[in-house]
Structure formats: C-alpha cells, structure tokens
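Participant: Sequence:
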Amino acid sequence: MLKLDLRNKDGKVEHFQETFVPALKLIEGLKLTPENFPDLDESDWMEKNAEFMASCFEDKSVTKKRILDGVAAWDFNKVFDTFNQQLFGIDPKKVAASESAEKKH
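With the first letter of the sequence shown counted as 1, position 103 gets the number 102 in numbering that gives the first Met the number 0; the numbers rise by one all the way through.
It cannot be assumed that every hint is accurate.
In silico lysine-lysine, DSS-like type, Cα no more than 30 Å apart, as pairs [said to hold, decoys possible]: (1) K30 x K11; (2) K11 x K77; (3) K24 x K59; (4) K59 x K8; (5) K64 x K11; (6) K11 x K63; (7) K63 x K2; (8) K2 x K24; (9) K47 x K30; (10) K24 x K63; (11) K30 x K59; (12) K24 x K47; (13) K63 x K8; (14) K64 x K30; (15) K64 x K77; (16) K8 x K24; (17) K77 x K24; (18) K77 x K59; (19) K47 x K8; (20) K47 x K64; (21) K30 x K77; (22) K59 x K47; (23) K30 x K92; (24) K11 x K92; (25) K77 x K47; (26) K64 x K8; (27) K77 x K92; (28) K24 x K92; (29) K63 x K30; (30) K63 x K92; (31) K2 x K47.
These aren't lab readings, by the way, just hints derived from the structure by calculation.
Make the full structure from the sequences, and use the hints.
Facilitator: Here it is as structure tokens:
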C-alpha cells in the first residue's frame with residue numbers, strides 16, 4: 000500500500016493512499032535512476048520523481064504539481080525515499096534500525 004501526505008492550499012495535510020499498485024509500476028520505479036536519465040539536472044530529476052509518484056495513484060487529484068506544492072522543500076528527498084520503500088515493499092522501521100546499527104559501528 001502506498002501512502003502520501005500532502006499539504007493543501009490551506010496548509011492542512013491531506014492523506015492519500017493506494018491499495019493496489021501494479022507490478023509494472025515497480026519495474027518503472029526500478030528504472031528511475033539518474034544513470035537512465037543522464038540529461039536531467041537536479042530540478043528536472045525532482046520533477047521526474049514527483050511525476051512518477053503521481054502516476055502510482057488512481058486519484059487524479061494527485062498530480063506532479065500537487066506533490067511539489069504539497070511537500071516541504073527540505074522533506075522532498077525523504078518523502079520520495081519513503082515512497083520508494085513502500086513501493087518496493089521495504090519496511091522503513093527495519094531500514095531505520097539498520098541505519099542506526101551502522102552508525103554505532
């Protein structure tokens with residue numbers, strides 16, 4: 000299941016979720032790497048990521064623009080990473096625990 004929280008024009012957080020995402024989106028996500036899009040600069044890359052995230056939701060109100068307007072600039076990379084973890088079936092708690100263990104060594 001994919002979950003995404005976006006701020007609306009009024010500053011209130013709206014919650015979106017998608018209970019079914021086809022495996023084709025997983026394949027698209029795996030191909031979404033800087034190496035496969037060498038002509039994109041940093042801002043184009045952010046737009047490409049937001050466009051991909053929006054494409055995973057059936058709710059047509061979730062758009063690239065809405066994502067870019069609804070996520071704080073300093074949170075975008077974290078939101079995208081969390082989104083990918085959900086898409087790839089990675090438990091974010093296990094990732095956090097693993098990162099925490101690595102920092103101790």
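Participant: If a hint holds in the structure, say so; if it doesn't, say that too.
Facilitator: Each hint, compared with the structure:
{"no.": "1", "hint": "K30 x K11", "verdict": "33 Å, violated"}
{"no.": "2", "hint": "K11 x K77", "verdict": "19 Å, holds"}
{"no.": "3", "hint": "K24 x K59", "verdict": "16 Å, holds"}
{"no.": "4", "hint": "K59 x K8", "verdict": "17 Å, holds"}
{"no.": "5", "hint": "K64 x K11", "verdict": "17 Å, holds"}
{"no.": "6", "hint": "K11 x K63", "verdict": "18 Å, holds"}
{"no.": "7", "hint": "K63 x K2", "verdict": "15 Å, holds"}
{"no.": "8", "hint": "K2 x K24", "verdict": "15 Å, holds"}
{"no.": "9", "hint": "K47 x K30", "verdict": "12 Å, holds"}
{"no.": "10", "hint": "K24 x K63", "verdict": "16 Å, holds"}
{"no.": "11", "hint": "K30 x K59", "verdict": "23 Å, holds"}
{"no.": "12", "hint": "K24 x K47", "verdict": "14 Å, holds"}
{"no.": "13", "hint": "K63 x K8", "verdict": "15 Å, holds"}
{"no.": "14", "hint": "K64 x K30", "verdict": "22 Å, holds"}
{"no.": "15", "hint": "K64 x K77", "verdict": "18 Å, holds"}
{"no.": "16", "hint": "K8 x K24", "verdict": "29 Å, holds"}
{"no.": "17", "hint": "K77 x K24", "verdict": "20 Å, holds"}
{"no.": "18", "hint": "K77 x K59", "verdict": "23 Å, holds"}
{"no.": "19", "hint": "K47 x K8", "verdict": "22 Å, holds"}
{"no.": "20", "hint": "K47 x K64", "verdict": "11 Å, holds"}
{"no.": "21", "hint": "K30 x K77", "verdict": "19 Å, holds"}
{"no.": "22", "hint": "K59 x K47", "verdict": "17 Å, holds"}
{"no.": "23", "hint": "K30 x K92", "verdict": "25 Å, holds"}
{"no.": "24", "hint": "K11 x K92", "verdict": "26 Å, holds"}
{"no.": "25", "hint": "K77 x K47", "verdict": "15 Å, holds"}
{"no.": "26", "hint": "K64 x K8", "verdict": "12 Å, holds"}
{"no.": "27", "hint": "K77 x K92", "verdict": "14 Å, holds"}
{"no.": "28", "hint": "K24 x K92", "verdict": "23 Å, holds"}
{"no.": "29", "hint": "K63 x K30", "verdict": "19 Å, holds"}
{"no.": "30", "hint": "K63 x K92", "verdict": "27 Å, holds"}
{"no.": "31", "hint": "K2 x K47", "verdict": "19 Å, holds"}
In summary, the structure is inconsistent with hint 1 from the numbered list given earlier, while agreeing with all the others.
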